Amino acid sequence: MNIINRMESSLPTVSGTISGTGAEIGGRVEDDLAFWSGKTESDSAAYSRLEDYWSHVGYTDWTPGGTPWSAAWISYQLRGTGFKPSAGHWAYTESIIGGDSPGWKAYSIPKNNGRISLNVGDVIVKARSGSDTAGHGDIVYKIQGDKAFLAGGNLSDSARTTQTITLVDGLATIPGYQILLKKTGGSKFPPWWLIGGMGMVGAWIWSRKK
Numbered sequence: 009m010n011i012i013n014r015m016e017s018s019l020p021t022v023s024g025t026i027s028g029t030g031a032e033i034g035g036r037v038e039d040d041l042a043f044w045s046g047k048t049e050s051d052s053a054a055y056s057r058l059e060d061y062w063s064h065v066g067y068t069d070w071t072p073g074g075t076p077w078s079a080a081w082i083s084y085q086l087r088g089t090g091f092k093p094s095a096g097h098w099a100y101t102e103s104i105i106g107g108d109s110p111g112w113k114a115y116s117i118p119k120n121n122g123r124i125s126l127n128v129g130d131v132i133v134k135a136r137s138g139s140d141t142a143g144h145g146d147i148v149y150k151i152q153g154d155k156a157f158l159a160g161g162n163l164s165d166s167a168r169t170t171q172t173i174t175l176v177d178g179l180a181t182i183p184g185y186q187i188l189l190k191k192t193g194g195s196k197f198p199p200w201w202l203i204g205g206m207g208m209v210g211a212w213i214w215s216r217k218k
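Per the numbering used here, the sequence shown starts with residue 9, numbered consecutively.
Calculated directly from the structure, the hints in this document are not laboratory data. The model shown is predicted, which means the values in this text are computed figures rather than measured ones. Warning: the hint list may mix true and false statements.
[To be verified] Restraint ranges, calculated between C-beta atoms of paired labels, are given here:
1. Thr71 <-> Asp177: 44 to 54 Å
2. Ser52 <-> Met9: 34 to 44 Å
3. Glu59 <-> Thr181: 31 to 41 Å
4. Lys150 <-> Ser52: 24 to 34 Å
5. Gly153 <-> Ser52: 36 to 46 Å
6. Thr181 <-> Glu32: 25 to 35 Å
7. Ser52 <-> Gly138: 21 to 31 Å
8. Glu59 <-> Gly88: 13 to 23 Å
Every residue, glycine too, gets a C-beta built ideally from N, C-alpha and C.
When you get a sec, could you build the whole thing from the sequences and use the hints?
Written out as structure tokens, the structure reads:
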């Protein structure tokens with residue numbers, strides 16, 4: 009069984025509506041989609057952009073057109089949000105389930121469909137054939153009226169809008185995907201550099217104000 013399916017099977021049915029704060033990504037996805045318009049990974053102009061993605065996940069053994077970059081693309085869009093970057097969709101999903109991405113939580117989509125309130129920055133993940141770890145993830149980059157717009161990377165050798173989900177009373181049903189990754193809040197404590205500057209007492213006061 010694909011690892012993404014196994015992880016989904018371990019996630020519970022949630023009582024009530026699934027909601028969150030969303031991730032602060034601004035318009036970076038739309039900017040990136042504009043960059044990729046009319047380009048593919050084989051274009052010389054795309055090399056430095058691919059290099060940015062791979063550098064963010066700490067992976068050096070890649071080639072344009074030779075290494076799938078959709079997970080690196082998702083990770084790059086979510087930089088600075090507490091999302092642990094990875095070159096694999098299964099790996100960043102596993103890190104959230106394991107608590108290694110502060111403020112993020114994973115939910116089963118099939119068990120909670122119709123009760124999901126989508127936010128900008130949410131990621132939906134699905135298993136793919138080919139190997140036990142094969143998968144794909146898309147990110148919600150815009151919500152406009154009753155529509156949620158999703159995009160993904162390494163699709164037709166480019167990055168593009170993948171689908172638009174119609175929201176019913178603000179809630180989504182998402183067919184074909186297994187896991188929802190959602191920013192639900194901030195970290196309990198401030199970054200280590202802030203703790204060093206303010207002391208543990210000040211850090212405790214900071215956490216109480218969140």
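For each hint, the structure was consulted:
1. Thr71 <-> Asp177: 44 to 54 Å: Holds - the Cβ-Cβ distance for Thr71 and Asp177, about 46 Å, lies within 44 to 54 Å.
2. Ser52 <-> Met9: 34 to 44 Å: At roughly 41 Å between Cβ atoms, Met9 and Ser52 fall inside 34 to 44 Å, so the hint holds.
3. Glu59 <-> Thr181: 31 to 41 Å: This hint holds: roughly 38 Å between Cβ atoms.
4. Lys150 <-> Ser52: 24 to 34 Å: Given a distance of about 30 Å, which is inside 24 to 34 Å, the answer is holds.
5. Gly153 <-> Ser52: 36 to 46 Å: Because 39 Å falls inside the window, the suggested range holds.
6. Thr181 <-> Glu32: 25 to 35 Å: 26 Å, holds
7. Ser52 <-> Gly138: 21 to 31 Å: Since the Cβ atoms of Ser52 and Gly138 sit about 29 Å apart, the hinted range of 21 to 31 Å holds.
8. Glu59 <-> Gly88: 13 to 23 Å: The hinted range 13 to 23 Å holds for Glu59 and Gly88, with Cβ atoms some 19 Å apart.
Hint compliance for this structure: no hint is broken.
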